[in-house]
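**Q** Mind docking chain B on chain A? Use the hints.
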Amino acid sequence: GESVGLHLPTLSVQEGDNSIINCAYSNSASDYFIWYKQESGKGPQFIIDIRSNMDKRQGQRVTVLLNKTVKHLSLQIAATQPGDSAVYFCAENRGAGGTSYGKLTFGQGTILTVHP
Amino acid sequence: SQTIHQWPATLVQPVGSPLSLECTVEGTSNPNLYWYRQAAGRGLQLLFYSVGIGQISSEVPQNLSASRPQDRQFILSSKKLLLSDSGFYLCAWNPGQGEKLFFGSGTQLSVL
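Chains as they are written, first to last, in the numbering used here: chain A, 6 to 121; chain B, 222 to 333.
It is possible that some hints are incorrect.
Unchecked claim - Non-contacting residues of chain A with respect to chain B, defined by C-beta distances greater than 10 Å in every case (computed):
| no. | residue |
| --- | --- |
| 1 | Leu-16 |
| 2 | Ala-34 |
| 3 | Ile-39 |
| 4 | Asp-60 |
| 5 | Thr-68 |
| 6 | Leu-70 |
| 7 | Lys-73 |
| 8 | Asn-98 |
| 9 | Thr-118 |
Stated by the list, open to error - Here are some of the chain A residues that sit facing chain B, going by a computed Cβ distance under 10 Å:
| no. | residue |
| --- | --- |
| 10 | Pro-87 |
| 11 | Asp-89 |
| 12 | Phe-111 |
What the hints assert, rightly or not - Here are the computed lysine-lysine pairs in the DSBU-like style, where the Cα-Cα straight-line distance is at most 35 Å:
| no. | chain 1 | residue 1 | chain 2 | residue 2 |
| --- | --- | --- | --- | --- |
| 13 | A | Lys-47 | A | Lys-61 |
| 14 | A | Lys-42 | A | Lys-108 |
| 15 | B | Lys-300 | B | Lys-321 |
| 16 | A | Lys-61 | B | Lys-300 |
| 17 | B | Lys-301 | A | Lys-76 |
| 18 | A | Lys-76 | A | Lys-108 |
| 19 | A | Lys-42 | A | Lys-73 |
| 20 | A | Lys-61 | A | Lys-108 |
| 21 | B | Lys-321 | A | Lys-76 |
| 22 | A | Lys-42 | A | Lys-61 |
| 23 | A | Lys-47 | B | Lys-321 |
| 24 | A | Lys-73 | B | Lys-321 |
| 25 | A | Lys-76 | A | Lys-47 |
| 26 | B | Lys-301 | A | Lys-47 |
| 27 | A | Lys-61 | B | Lys-301 |
| 28 | A | Lys-76 | B | Lys-300 |
| 29 | A | Lys-47 | A | Lys-108 |
| 30 | A | Lys-73 | A | Lys-47 |
| 31 | A | Lys-108 | B | Lys-300 |
| 32 | A | Lys-73 | B | Lys-300 |
| 33 | A | Lys-73 | B | Lys-301 |
| 34 | A | Lys-76 | A | Lys-61 |
| 35 | A | Lys-73 | A | Lys-61 |
| 36 | B | Lys-301 | A | Lys-42 |
| 37 | A | Lys-76 | A | Lys-42 |
| 38 | A | Lys-108 | A | Lys-73 |
| 39 | B | Lys-301 | B | Lys-321 |
Derived from the structure by calculation, the hints contain no laboratory data.
The C-beta atom is built at its ideal place from N, Cα and C for all residues, glycine as well.
So here's chain A without its partners, still in its complex pose:
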């Protein structure tokens, strides 16, 4: 069935390093992808999104890369800080077009731990 999954469930990095969190998706019809950060006991916070007509998008310290050929999505965090420690989720819009609205399909999540 359709799914969005992660290659690595946990990632530990040193403060100042760059982090890369990976995500694989299986629905080739998905046209919108999004990354969320979730701190313990809180709701997910939007980080960055990308449409399928793009292969790269940059934000503040974050970059999302989309490789549609291999159905792979990654989130790069530059100069990782202790405050970046959280669970990171990728999600895809399950259907093409506007009718799917916010019916996002979420991956399992990657735990990022940043050591001072």
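**A** Below, chain B alone, put in the same frame as chain A:
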């Protein structure tokens, strides 16, 4: 600016008791509203979504129901809770035709 409120933050309920979780959105009109559930250490599963007052779509068969009595109010209910209903419940919204979801702070429900 738009804000979303969800309460209570934590709830401990006995098996067989009823449930009512409430979510409200401020600063917008005609939002799409969603209820997600997150099991411990897992991703988010969509339970219900609503595109308007009284319009509820269920994504998975379950012991829960949802209602939207007002434009910016979304309620998650159960008549009799099961142990398997335990989890972290998240309300979310987005503008009509929007895709980016904005989440509330969540309710940690423990059914004992």
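**Q** Which hints, by number, does the structure contradict?
**A** 3, 8, 10, 11, 16, 17, 27, 28, 32 and 33
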